[in-house]
Amino acid sequence: MQEEGRRPASLTLPYAAKMNRMLTAMMLVIFVAGCTIGGDSKTDLEKDLYKGTQGVVLTFFDTPRSLFEGELLDYNIRIENKGPYKMTNARLVTSVEKGYAEFSDGNNVHVLDSIKLEGKTVYEPYDDFIITTIPIRFKELDGQSETHDSFIFTTFCYDYQGMLFADVCIDTDPYGLIKQGKACTTNSAISLGDGQGGPVAITKIESKMMLDDDVIRPQFKIFLNNRGRGSVIQHGSVDMVCNKEPLSRETYNTLGLEEIELSGRTLSSGAIECIPNTLVLKNEEDSLTCTVKKEFGFPKSAPSFMTPLNVRISYGYTESTSKEISINKILKY
Amino acid sequence: MKKGLLILTILFIISSCTESQSSDHENWRTGTQGIVMSFMQDKPPTEVISRSNVEVMVKYSNKGAYTTSPTFYLTGYDSSILPFGSPEKRGDSASGKSQYNPSGGQDEFIQWNSPVQLGSLRDIDSFKQALTVTACYEYETYATPIICIDPNKYEFDSGSKCDFDIKDLGDSQGAPIAITELKQKIAGNEIYLEMHITNRGSGTPFLEGTCMNLAYNQVDRVSVKEARISGSPLDCTPKEIRLTNGKGFAVCSGSVSDSGNAYNSIASIRLSYNYRESLPKKEITIINIK
Numbered sequence: 001m002q003e004e005g006r007r008p009a010s011l012t013l014p015y016a017a018k019m020n021r022m023l024t025a026m027m028l029v030i031f032v033a034g035c036t037i038g039g040d041s042k043t044d045l046e047k048d049l050y051k052g053t054q055g056v057v058l059t060f061f062d063t064p065r066s067l068f069e070g071e072l073l074d075y076n077i078r079i080e081n082k083g084p085y086k087m088t089n090a091r092l093v094t095s096v097e098k099g100y101a102e103f104s105d106g107n108n109v110h111v112l113d114s115i116k117l118e119g120k121t122v123y124e125p126y127d128d129f130i131i132t133t134i135p136i137r138f139k140e141l142d143g144q145s146e147t148h149d150s151f152i153f154t155t156f157c158y159d160y161q162g163m164l165f166a167d168v169c170i171d172t173d174p175y176g177l178i179k180q181g182k183a184c185t186t187n188s189a190i191s192l193g194d195g196q197g198g199p200v201a202i203t204k205i206e207s208k209m210m211l212d213d214d215v216i217r218p219q220f221k222i223f224l225n226n227r228g229r230g231s232v233i234q235h236g237s238v239d240m241v242c243n244k245e246p247l248s249r250e251t252y253n254t255l256g257l258e259e260i261e262l263s264g265r266t267l268s269s270g271a272i273e274c275i276p277n278t279l280v281l282k283n284e285e286d287s288l289t290c291t292v293k294k295e296f297g298f299p300k301s302a303p304s305f306m307t308p309l310n311v312r313i314s315y316g317y318t319e320s321t322s323k324e325i326s327i328n329k330i331l332k333y
Numbered sequence: 001m002k003k004g005l006l007i008l009t010i011l012f013i014i015s016s017c018t019e020s021q022s023s024d025h026e027n028w029r030t031g032t033q034g035i036v037m038s039f040m041q042d043k044p045p046t047e048v049i050s051r052s053n054v055e056v057m058v059k060y061s062n063k064g065a066y067t068t069s070p071t072f073y074l075t076g077y078d079s080s081i082l083p084f085g086s087p088e089k090r091g092d093s094a095s096g097k098s099q100y101n102p103s104g105g106q107d108e109f110i111q112w113n114s115p116v117q118l119g120s121l122r123d124i125d126s127f128k129q130a131l132t133v134t135a136c137y138e139y140e141t142y143a144t145p146i147i148c149i150d151p152n153k154y155e156f157d158s159g160s161k162c163d164f165d166i167k168d169l170g171d172s173q174g175a176p177i178a179i180t181e182l183k184q185k186i187a188g189n190e191i192y193l194e195m196h197i198t199n200r201g202s203g204t205p206f207l208e209g210t211c212m213n214l215a216y217n218q219v220d221r222v223s224v225k226e227a228r229i230s231g232s233p234l235d236c237t238p239k240e241i242r243l244t245n246g247k248g249f250a251v252c253s254g255s256v257s258d259s260g261n262a263y264n265s266i267a268s269i270r271l272s273y274n275y276r277e278s279l280p281k282k283e284i285t286i287i288n289i290k
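Top to bottom, those sequences are chains G and R.
Numbered per the numbering used here, the first sequence finishes at 333, counting up by one with no gaps.
Numbered per the numbering used here, the second sequence finishes at 290, counting up by one with no gaps.
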């Protein structure tokens, strides 16, 4: 009895103490975990929207490699805007082999117009997308054929743009003649290998600061490259390319130079001149040289400073793909 | 016991008096700093949202031994995007070290403020601006070394000699330009002082020109404003010292009393110059929130 009486007394107190310790430890763990979770939930704003070379991407859902005559196939396509620009004037043309397949309206060409996808923003850095379903019915094969390999062709055209914001240095003392604590110095070449969010990328900028009397005239040589898998078409020519209309010589590989801006001096206001003034890709690349006019130059007595160089281009883009499907006859034997 | 306590108290009072006397003689004209400045924390911040203002605040104080009014220049930014107004701001008179304030002046502040004006750059995601602040101020280096003058220095059996060390010069005088060495030569009543100076600060001394637009022939120049020994003026050549790799020298000469005996005399040398110093640039990223 004594032992029994003593035992609870000797066990009860340490047990309570243990329980207290455990509770305290658990509360601490919950508190620390709460803090950690709170810390992880902090999100940053997307500071670099203009990157990548994908633009608008078409993804085809899995389709069977072969199916039977008379079957209906739901041809699903995901159109996703991976860039920061609004996709406008887009057209998706799907065609099937006449006599072997048809769309719900009985035609072998299906056109989907008025597709609009928003670009990414600082607040919404997500890719806007739509999924479209195009039902295709495969017709019965003629009596002599057991199988037939047919193709589904898809062509997608859209108008897009490109925007570059590169931090450049307006070096008012390019030859280091003035002893000053410069905030920046000119980089002879700025590499921009990651693209600006569209298939046409400005890949490099070579900058020079030309001394012209009392002013500095910055000059930039801008290199462009088609980094996508498709072809560049003239902005606004979607109706021609994704249609049956005849094409002109300028339709392919022509880009529009919309604007160049440097510290309030713009191409459209005449403060900057560019040579050549039209961009035509040759072997998927081109370059142009833009110079600030003398009357809009920067005073050489002012200190050097950094400013964003903005280059805006416009273009259309087209990409085509085909998918092979084997149509099999339903054999009755 | 009482006697013992009394003696201890007296000893304590005497010793504390002695301490304070010695601190009075402390040389406060030391150090190589002039105007010391730094960006205040997060002013400017490393990231700024386009809707908010960009605030630049610089803390400065005079850690040298000459009172000056610095002018500050904010540079490195595109004024069409960040219209800070005048990039030039005149600071208040900043007193430096003194006999009664040997640690230097109080902290003072100067600030610039600007909204972000993106104008036609409305589609930009983010961009960088480099901000730097340059301080320009007049400054003086003043040294009062004790020089032993012995007209019979080169005579073998001269009676009363003093050592030929130049005392109380130190290696800095509470200014970015330091008189690092003085060498004396004496011939009869003619004394020649060879003065070596060094730019011990991180900035650039100059005499003429616009602070933010100094040509190479305008920088690294220091003027010998005054040189005296025993109250008599010395003639220094050159009067305008050109520093090479931060170092330069001048030779000052003049007449001294030819009493025959060696004696200690106080020389006073005053150098004057303008000084320009910049903070390391601070890059800020401006994020466009439409």
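It should be emphasised that the hints constitute simulated quantities derived from the structure, not laboratory data.
Among the clues, some could well be false.
Unchecked claim - With a straight-line Cα cutoff of 27 Å, these simulated DSSO-like cross-link-like pairs (lysine-lysine) come out:
(1) R:K128 <-> G:K221
(2) G:K179 <-> R:K89
(3) R:K290 <-> G:K300
(4) G:K98 <-> G:K204
(5) R:K239 <-> G:K47
(6) G:K82 <-> R:K281
(7) G:K86 <-> R:K281
(8) R:K239 <-> G:K179
(9) G:K82 <-> R:K290
- Task: Go through the numbered hints given earlier and state which of them the structure violates, listing their numbers in rising order.
- Result: 3, 4, 5, 6 and 7
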